[in-house]
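What follows is the residue order along each chain.
Number of protein chains: 4
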Amino acid sequence: MTLTTMPRPATRTRDTATVTMKAFVYRGPGKKALEERPKPEITAATDAIVKIVKTTICGTDLHILKGDVPTCQPGRILGHEGVGIIDKIGPAVTAFKPGDHVLISCVSACGKCVYCRKQMYSHCTTGGWILGNSIDGTQAEFVRTPYADTSLYPIPEGADEEALVMLSDILPTGFECGVLNGKVQPGSTVAIVGSGPVGLAALLTAQFFSPAEIIMIDLDDNRLEVARRFGATTSINSADGKAVETVLKMTGERGVDTVIEAVGIPATFELCEKIVAPGGTIANVGVHGQKVALHLERLWDRNISITTRLVDTVTIPMLFRTVGSHRIDPKLLITHRFKLDHILDAYETFGNAAKTKALKVIIEA
Amino acid sequence: MTLTTMPRPATRTRDTATVTMKAFVYRGPGKKALEERPKPEITAATDAIVKIVKTTICGTDLHILKGDVPTCQPGRILGHEGVGIIDKIGPAVTAFKPGDHVLISCVSACGKCVYCRKQMYSHCTTGGWILGNSIDGTQAEFVRTPYADTSLYPIPEGADEEALVMLSDILPTGFECGVLNGKVQPGSTVAIVGSGPVGLAALLTAQFFSPAEIIMIDLDDNRLEVARRFGATTSINSADGKAVETVLKMTGERGVDTVIEAVGIPATFELCEKIVAPGGTIANVGVHGQKVALHLERLWDRNISITTRLVDTVTIPMLFRTVGSHRIDPKLLITHRFKLDHILDAYETFGNAAKTKALKVIIEA
Amino acid sequence: MTLTTMPRPATRTRDTATVTMKAFVYRGPGKKALEERPKPEITAATDAIVKIVKTTICGTDLHILKGDVPTCQPGRILGHEGVGIIDKIGPAVTAFKPGDHVLISCVSACGKCVYCRKQMYSHCTTGGWILGNSIDGTQAEFVRTPYADTSLYPIPEGADEEALVMLSDILPTGFECGVLNGKVQPGSTVAIVGSGPVGLAALLTAQFFSPAEIIMIDLDDNRLEVARRFGATTSINSADGKAVETVLKMTGERGVDTVIEAVGIPATFELCEKIVAPGGTIANVGVHGQKVALHLERLWDRNISITTRLVDTVTIPMLFRTVGSHRIDPKLLITHRFKLDHILDAYETFGNAAKTKALKVIIEA
Amino acid sequence: MTLTTMPRPATRTRDTATVTMKAFVYRGPGKKALEERPKPEITAATDAIVKIVKTTICGTDLHILKGDVPTCQPGRILGHEGVGIIDKIGPAVTAFKPGDHVLISCVSACGKCVYCRKQMYSHCTTGGWILGNSIDGTQAEFVRTPYADTSLYPIPEGADEEALVMLSDILPTGFECGVLNGKVQPGSTVAIVGSGPVGLAALLTAQFFSPAEIIMIDLDDNRLEVARRFGATTSINSADGKAVETVLKMTGERGVDTVIEAVGIPATFELCEKIVAPGGTIANVGVHGQKVALHLERLWDRNISITTRLVDTVTIPMLFRTVGSHRIDPKLLITHRFKLDHILDAYETFGNAAKTKALKVIIEA
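Residue numbers (this note's numbering), protein chains in the order written: chain U, 1 to 365; chain C, 1 to 365; chain W, 1 to 365; chain H, 1 to 365.
It is worth saying that the hints were derived from the structure and are not from the lab. Please note that the accuracy of each hint is not assured.
Identical copies go unnamed one by one, so any copy, or any two together, can satisfy a pair.
With a straight-line Cα cutoff of 30 Å, these simulated DSS-like cross-link-like pairs (lysine-lysine) come out [said to hold, decoys possible]:
1. K291 with K339
2. K249 with K355
3. K183 with K339
4. K31 with K249
5. K97 with K249
6. K355 with K331
7. K97 with K31
8. K97 with K355
9. K242 with K88
10. K118 with K274
11. K249 with K118
12. K242 with K291
13. K66 with K118
14. K331 with K291
15. K97 with K183
16. K249 with K88
17. K355 with K39
From a predicted model like this one, the values you see are computed outputs, not experimental measurements.
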């Protein structure tokens, strides 16, 4: 991987009149750079320009850097998470004004199309996950956010903005794709396969529904220890190949009510198939790059559900209220902090999580 | 009120061969007695005889004693809650055997009728709430429980049986009639009108769903203080007539998502009508003795729901698991303990809750 | 009631350049007029001007004319239903262009506020039912529709536009407030109290779910005969005071699963209370002008739900598809047709439905 | 396949005192026989002996005859569907008495276990699908039905009993596993892959919910013609490999909301994966003998659900009411009738459906 940092003048004053800005740019498979780029402009009446205060790095950004996301072309500013301050608004924006502090959803929602009308913002016909993908993103000093009225969320005075960065993507992903799709219930049993940031986000939000058991399964003892601190009632290191046996033994051979897949490979999905109870649900959160084997010869009569979902971020307002009332502490997920000038270090840290024990890293713009 | 205690021989040995037993009996409005009664016998193949270990007194028992419950005739042994040990089983009972420790549901369910088939056990065509009402109840040394297989629940070894007495009626009532019917959600706002035992049971179980706010409203400062200890985020003494104003101010004039009525008089129901938000729910738990005014001229266009429910106890297994996993501590509700010999004192204490600060009182048989 | 028709020049050419137009105007309690009014202009970027092709009269318009709707002040052009052709659009409108044929929802939805985000458009903080109420409506040659992108619906080429007028209000009202809130199910029993247009709309849309019985209750034999033609399996004229007895006898004393109140007075609401089965739902559709007596002393333990709702019109797209696939024929509701010039006759006909047998009257602009 | 008919005396009188009876017996892979067998006896207090009036053959019976169902051992009387008359009851049976006409569910439900308590009768810990599988079945003159009170359903006087045979298995299977799991809605689009009896049962019951489109996909033109008669709005013969293309074209490249898999092989399941719309559901009904490829690399972000289910027959009462109210005509599925003496012919006819055009065949005992 070739890391390139573009030279930038040392003495520039940074304010909203600045015409260029620092931005983290994907330069093709294995190539990335912190560059000087033109500050974004309003291009549609529903746009806002947001001055980024804090952003973060997502596992998906690592996929992009490997060249695995064809919709994201070289030259793109990455990043689809963050909090900031409204800098400018288009003429059709009514919910915000310059100076407002906002949370940026990773999903842009027009609010009008057939999918947005049923709150499936992830499939907005002109939006969805486009930030830091098919349009420039948030790992920069400024970002243009389309459909501002329905894609930004006001941050109340006094809120802990750093904590709220976790509401752009990771917490709604764990909650919507894992916990809600998985129908976690009071007294139910839950297994989460994968104790990375998104699995841990599912772990934190699963506790909203007071399940009796949350079993965390991973190969990394450090992450399992984190999971126990975050509320897992049991942790299983699956390296010895006995995870299925252990879960079935724990549950009287019945399996668990909700299995959340938070890895995205065939082996972990098949593990889920083996531990789901009759009547249970496998909620897939993982991003898969290849097909998996679905053992319908065993599952056709087991009354199970399997769900998939790209996060809609429709629960951001609900999550805001749970943070405000201290039902959850999103900062638990934050392990490291960097200035935007050192974002390449941030990527190094985040990309070597096994060694650095990084979960989410905050980038201050 | 005339309290009568029947004389009983001092030297009897109490065991399962005993042909008489102590029992608390309703003797007509204002009259009650601890009497010597024949030990119950199996009368249907699906019956069990349970030796009571611990029971408790319900607000409904006080209603019966006043003569307010016409289905309950003088001579009836009261009580519809408790834990015990199986003494005998009828020939059709397959789920239990003598010596098993069981929880007794306040609702007897045949498991076969149209209502039982949709889990509406409260309306079982030959069961429902009959224990301590139309048949003899649990405030005695032994009780005959109809439909044992579907009305008793096995107590796992090592469980705290005293805590489980709360699962016979009070916790499922608060949870099913209040919390589930009221659709409490993560981040939502809840108001509970009435901080007596059933309101507090709703308060404890509402927290399974992590609402942002739980506002407790009552006239008794002691009970409000208890509510705060049990997790209420706000408490309002409505004595000054400003409860509606306070709640609306707290919620930006919107009202609350879920209002749980746990008193049962017109004034408190109308209070609920005034504080429910558009799109919200009023979940009635209170036992009403007269009609209330429903202000449809204000509510017809507010998109609200009003629900009523006699507890089905269908959530007992779920509640068992939440207790087992320490998501809830039912013993918080227990304030006093008495021997069955002193059940008249127990009634005095429970009947004067304003003075004694009694919530639930345990009777040891 | 004083009917006033304003004089208008005979030779005017009517086209989109016209600066005045004909409009039906509320002139204070008991007063109405067909007047010449300025053609509306775009006042917000999200507005559209729609040239009305067909509109209709709602029972609510009669309430306004009596002076019962305080939000509607004299001088207001009435009407909140209709189909038309886009004449002009504001700069922020992206879903429509001039010439497009559209259906107008009776509810204006900004698509952005907390209520719109949960599809409760009726409570849109800046919209809701404002057309022909707090802003000028559709009983005119042109209407300004706010939030065009989220309040108008495209009419596909070749559709029967007259039939679609029924989708502006009456069909979604019967369907959302009555049928969906009432949880009509295959094989269930339904009673609809009130066989006026909205009751009949509930009757037509209830059949989407294949209930076993639909019992129609009214005082008007003609309307009951219409109901039988529209699919009611039983009709009951409640004039003899025996409706409750008849329904209970028909249902083995159990009552009906879904009761839809489509009148809006205390007597009919109390009838609903008497015929709802344990576990059933009373779905209120009627517009109530006073409180009703809710007999909680009988209902507190019946496990029922009562719902209220102002139509959200969120089901318009679904209803479009049911019309397109001939699952429902909305034209069954249309009994009379008038030109806009004769709208005063239309009001006479609609206002004397008992005599004229009018259900819905079409006004051609 | 070896067909064997056991000799039987010509002059026997058949009545309830008979100690032997005719029965259709599985004799090992490829072997079957109509034999004389002892009449069944009550073996548990909850049993009933039912004199079979009419039964039928299921596709599963063909699987058993091939040796594909290991739980079904040689010597077993097959059959899990039928109507009959109660001959004897065990001492714990309270809902029926000799002489009652009953429908037999294909699933035996104890009504007590954890699965029965949540209406998941298919997974009853001591029941489930055992009739004609692990215990003797209904293709005989008499059958012993376990858990009679919760596994038999009373047939009202005057009902068409032949039609009701379709409620033992085929209609609830299509309805529960296909239509309910598939969340068919008014105005929605449905595709059913497989136009055999179970696919057609899904087609008939899907119409309870008034979808806009029901697309039937099969390789057999005759069955597709039947499907059109039964209400399919479109039929597609997938032999040319263009079914996916056709469905996507019909739906504007979006796909269908509900896809019902009613075949049970990898190719048809993968077809379902290709035509499900974002937000849609694949409801598996087919009995699968091997794993399928689940293309999560395409589906992980499509917000879909996949469901599996062994029929619970929990909707039998609902289906009874839809038949009684003529919302559905189950007899449409019946193409042939045989006497029990000719059951081998019935199997020949049913087993060669492509040639005989058989759907369901009635066997009169």
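Hint by hint, here is what the structure shows:
For the identical chains of this complex, K291 and K339 are neighbours neither inside a copy (39 Å) nor across copies (50 Å), given an alpha-carbon limit of 30 Å. For the identical chains of this complex, K249 and K355 are neighbours neither inside a copy (32 Å) nor across copies (50 Å), given an alpha-carbon limit of 30 Å. Proximity of K183 to K339 under the C-alpha cut-off of 30 Å is found in neither arrangement, the shortest distances being 39 Å within a copy and 44 Å between copies. Taking identical chains as interchangeable, the C-alpha atoms of K31 and K249 are never at most 30 Å apart, the minima being 47 Å within one chain and 40 Å between chains.
Only between protomers do K97 and K249 lie at most 30 Å apart by alpha-carbon distance; the minimum there is 26 Å, versus 57 Å within a single protomer. Taking identical chains as interchangeable, the C-alpha atoms of K355 and K331 lie at most 30 Å apart only when both belong to the same chain, with a minimum of 21 Å there against 45 Å between chains. Proximity of K97 and K31 under a CA criterion of 30 Å is satisfied in neither setting, with 37 Å inside one chain copy and 45 Å between copies. In the homo-oligomer, the alpha carbons of K97 and K355 never lie at most 30 Å apart, since the shortest distance is 43 Å inside one protomer and 56 Å across protomers.
In this assembly of identical chains, K242 and K88 lie within 30 Å of each other by CA distance neither inside one copy nor across copies; the values are 56 Å within and 43 Å between. Only between protomers do K118 and K274 lie at most 30 Å apart by alpha-carbon distance; the minimum there is 22 Å, versus 33 Å within a single protomer. Taking identical chains as interchangeable, the C-alpha atoms of K249 and K118 lie at most 30 Å apart only when they sit on different chains, with a minimum of 23 Å there against 41 Å within one chain. For a Cα distance limit of 30 Å, the shortest separation of K242 from K291 qualifies both inside one copy, at 24 Å, and across copies, at 22 Å.
Taking CA atoms no more than 30 Å apart as the test, K66 paired with K118 passes in neither setting, with 34 Å inside one copy and 38 Å between copies. In the homo-oligomer, the alpha carbons of K331 and K291 never lie at most 30 Å apart, since the shortest distance is 35 Å inside one protomer and 42 Å across protomers. Taking the shortest Cα distances, K97 and K183 never come within 30 Å of each other, neither inside one copy (38 Å) nor across copies (35 Å). Within a single copy, K249 and K88 get their C-alpha atoms no closer than 58 Å, and across copies no closer than 33 Å, so neither meets the 30 Å cut-off.
Taking identical chains as interchangeable, the C-alpha atoms of K355 and K39 are never at most 30 Å apart, the minima being 36 Å within one chain and 70 Å between chains.
Hint check: violations occur at hints 1, 2, 3, 4, 7, 8, 9, 13, 14, 15, 16 and 17; the rest are consistent with the structure.
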